[in-house]
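Now for the letters of each chain:
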Amino acid sequence: AQTVTQSQPEMSVQEAETVTLSCTYDTSESDYYLFWYKQPPSRQMILVIRQEAYKQQNATENRFSVNFQKAAKSFSLKISDSQLGDAAMYFCAYRNYGQNFVFGPGTRLSVLP
Amino acid sequence: EPEVTQTPSHQVTQMGQEVILRCVPISNHLYFYWYRQILGQKVEFLVSFYNNEISEKSEIFDDQFSVERPDGSNFTLKIRSTKLEDSAMYFCASSGGQGGTDTQYFGPGTRLTVL
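Chains as they are written, first to last, in the working numbering: chain A, 1340 to 1452; chain B, 716 to 830.
These aren't lab readings, by the way, just hints derived from the structure by calculation. Fair warning: there could be bad hints in the mix.
[Unchecked claim] For lysine-lysine, the following DSS-like pairs were computed, each having C-alpha atoms within a straight-line distance of at most 30 Å:
hint, chain 1, residue 1, chain 2, residue 2
1, A, K1409, B, K798
2, A, K1412, A, K1394
3, B, K798, A, K1412
[Claimed, not checked] Chain B regions said to be covered by chain A (calculated; three or more residues, Cβ under 8 Å):
hint, segment
4, 760-771
5, 822-828
Computed from a predicted model, the values in this text were never measured in an experiment. Glycine included, each C-beta is placed from N, C-alpha and C at the ideal position.
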């Protein structure tokens, strides 16, 4: 069974600085998708970024980028120029074709003014 | 931008009562999902629904749960005889349509409190 691990239960970053959230996963599949979701205090789940495993190029969305290392089964999220609104729980998730999400336990990110 | 909506935002019920959580998926989506998140824990998959039937369900989704798409827009999760441990945030999600079937878009969630 696939598993997703986030080894950092909590992280903090100074406003305007850069922070990297770690995620590793376990799968025997070669084609799959990886996601980062943000859950602010409102508890809504917001898609931040996604990566297709067959693409070597790392996905980027504005201040958010990933470092996808397929061989190492690692999928870290980098947030540049951190803003107060970035404070939230961040969940890494894995999905295989035709199957459903497996979420990691989450990392709580605090942004310090 | 289209979004998934859920009602109510917060539901309080007595143990043993039935509740129905409602979701309106994004209109051209074909796949629908329910997830649960107990406070302080990770999001857990409950069930997926496609073509008017359940396509996959987890071990959490036992006989007290059921899903239905009663019309062309709503997708509901019914919990019969609620238990204290059913207290959680319930998220609906949908995927499909022009965006493909791989990205699921989540609704804002319904907070269920069982007393």
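Here is what the structure says about each hint:
A hinted pair counts as satisfied when its Cα atoms are at most 30 Å apart, and K1409(A) with K798(B) does not qualify at roughly 42 Å. A threshold of 30 Å between alpha carbons decides the hint, and for K1412(A) with K1394(A) the separation of about 14 Å falls inside it, so the pair holds. Restraint check for K798(B) and K1412(A): the C-alpha separation of about 38 Å exceeds 30 Å, so the hint is violated. Note: the segment 760-771 of chain B has 3 residues with beta-carbon separation from chain A under 8 Å; the three-residue rule is met and the coverage holds.
Coverage of the segment 822-828 of chain B by chain A holds [criterion: at least 3 residues with CB-CB distance below 8 Å; count 4].
Of the hints listed earlier, those the structure fails to meet are numbers 1 and 3, in rising order.
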